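The residues making up each chain are set out below.
2 protein chains.
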Amino acid sequence: MSKVEVFPIEGIPEVRQGADIASLILRALSKAGLRVRDRDVIVIKQKIVSKAEGRVVKLDSVKPGDEASRLAQQQGKDPRLVELILGEAVRVVRAGHGVIITETKQGYVCANSGVDRSNVKDGYATLLPIDADASARRIRRKLCDRSGRDIAVVITDTFGRPWRKGQTDVAVGCSGIQPLLSYRGKKDRYGYELRVTEPAVVDEIAGAAELATGKLTRIPVALVRGAKFARGEKGARSLAIEKEKDLFR
Amino acid sequence: MSKVEVFPIEGIPEVRQGADIASLILRALSKAGLRVRDRDVIVIKQKIVSKAEGRVVKLDSVKPGDEASRLAQQQGKDPRLVELILGEAVRVVRAGHGVIITETKQGYVCANSGVDRSNVKDGYATLLPIDADASARRIRRKLCDRSGRDIAVVITDTFGRPWRKGQTDVAVGCSGIQPLLSYRGKKDRYGYELRVTEPAVVDEIAGAAELATGKLTRIPVALVRGAKFARGEKGARSLAIEKEKDLFR
Numbered sequence: 125m126s127k128v129e130v131f132p133i134e135g136i137p138e139v140r141q142g143a144d145i146a147s148l149i150l151r152a153l154s155k156a157g158l159r160v161r162d163r164d165v166i167v168i169k170q171k172i173v174s175k176a177e178g179r180v181v182k183l184d185s186v187k188p189g190d191e192a193s194r195l196a197q198q199q200g201k202d203p204r205l206v207e208l209i210l211g212e213a214v215r216v217v218r219a220g221h222g223v224i225i226t227e228t229k230q231g232y233v234c235a236n237s238g239v240d241r242s243n244v245k246d247g248y249a250t251l252l253p254i255d256a257d258a259s260a261r262r263i264r265r266k267l268c269d270r271s272g273r274d275i276a277v278v279i280t281d282t283f284g285r286p287w288r289k290g291q292t293d294v295a296v297g298c299s300g301i302q303p304l305l306s307y308r309g310k311k312d313r314y315g316y317e318l319r320v321t322e323p324a325v326v327d328e329i330a331g332a333a334e335l336a337t338g339k340l341t342r343i344p345v346a347l348v349r350g351a352k353f354a355r356g357e358k359g360a361r362s363l364a365i366e367k368e369k370d371l372f373r
Numbered sequence: 125m126s127k128v129e130v131f132p133i134e135g136i137p138e139v140r141q142g143a144d145i146a147s148l149i150l151r152a153l154s155k156a157g158l159r160v161r162d163r164d165v166i167v168i169k170q171k172i173v174s175k176a177e178g179r180v181v182k183l184d185s186v187k188p189g190d191e192a193s194r195l196a197q198q199q200g201k202d203p204r205l206v207e208l209i210l211g212e213a214v215r216v217v218r219a220g221h222g223v224i225i226t227e228t229k230q231g232y233v234c235a236n237s238g239v240d241r242s243n244v245k246d247g248y249a250t251l252l253p254i255d256a257d258a259s260a261r262r263i264r265r266k267l268c269d270r271s272g273r274d275i276a277v278v279i280t281d282t283f284g285r286p287w288r289k290g291q292t293d294v295a296v297g298c299s300g301i302q303p304l305l306s307y308r309g310k311k312d313r314y315g316y317e318l319r320v321t322e323p324a325v326v327d328e329i330a331g332a333a334e335l336a337t338g339k340l341t342r343i344p345v346a347l348v349r350g351a352k353f354a355r356g357e358k359g360a361r362s363l364a365i366e367k368e369k370d371l372f373r
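These protein sequence lines are chains A and B, in that order.
214 is the number that this note's numbering gives to position 90 of the first sequence; each next residue is one higher, with no gaps.
186 is the number that this note's numbering gives to position 62 of the second sequence; each next residue is one higher, with no gaps.
Calculated from the structure, these hints are not laboratory results.
Just so we're clear, the structure is a prediction, and the values are computed from it rather than from any experiment.
We put the beta carbon where it would ideally sit given N, CA and C, even for glycine.
Do not take every clue at face value.
[What the hints assert, rightly or not] Covered, in the sense of this in silico footprint (three residues per stretch, anywhere, with C-beta under 8 Å from a C-beta of chain B), are these stretches of chain A:
{"#": "1", "region": "202-209"}
{"#": "2", "region": "243-251"}
{"#": "3", "region": "287-296"}
{"#": "4", "region": "299-307"}
{"#": "5", "region": "318-325"}
{"#": "6", "region": "361-372"}
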């Protein structure tokens, strides 16, 4: 096994609607003197993808409906924000202690449908990309074309989790990498057959990138080199557990 | 920000009861030509800590009780294994689709109370350390004393999670590192105050280590260098969400 390296990529400017994320990343990599290699993974925070795709909403433009107003009052939140949260959700999974946990249209279960007021202008909120796997595919195609390297792309967001405090960065979109690395049917060195072992490498890569970028510095991109993963285009969406297998519905 | 590096540490021999994990690690590091530095994090898989602490049970020595036999039949599992799972649990959180999710005595919610038959002799199962934070403190003390460096220790296990397929490695014990890196009260560059942002850096470090070690190779230890974290001794156990705040009980 070889070492894994995570490089924070500095020098990405403020991203506006229509920005070409791939170009911004390649320029920043070049400025940092980093040359991408085959199997490098470019990890991008959802926020800049959302901004480039125009998924930014002025809160003053939002008219909260009855359900949003009721839920907002219950949980002590801004009703306009709750209207956005419900608009992005297919269902509310839990609400309590000022937290609204929803299932998003992409199938992710997270706080506030990923709607977020941090790292955006005051009075605005960002929404998750409509299809972050498609965003990852588009960005990847450009990165590969222009660099001549076969690299992978992971788009991340910061999710909480039940039972454990704190949050970790996880993948909401990916391309050129299979989300799970399956060990099913493989045997350990005692001959025991692993039946359920499928590390969610995209999520571990997302978390590793977060360690190098942090939350406050203007570093929305990291390069992860040396991680073991399988190629594929299942997308991060394939991580969502099907209704009928979900023990926590 | 500087890069984060994850070195898989090869050359740890089979660990037996009573083994001095710290010595085995220092020897392997030295063989690998790696000199530890202040703020390095040594990440250790639970399995070798459990083995060193004698937390290995011969399945033939286990007599399943009524509850275990009933649950085993329901979920298609070995009743002896289920007896061990229940013995390590304070409650069964969910059971279905052949999966038993419990809350362990340490307060972790995970599959099978962390009882596992992989990477151990046939006919045996390993249990989680009784107090993995204490295990981490003991190992850390020796590592720091003998190396003269102020390093941190994280003990990991592989946990599934609700709603998302696959597993990630997370911390079950830690020392010399605070599990969360709090951004509470800090402002982003737009002046927005972050109120809930507390990355679970120990879990992200655990996942990053998994990327470098994998599941099949005999590499139960990794060194993570360059991650930002706070010093402290709250232990991984402090990650468990209190009953009254738990939206998913």
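Structure versus earlier hints, numbers of those that do not hold, lowest first:
Failing hint: just 1.
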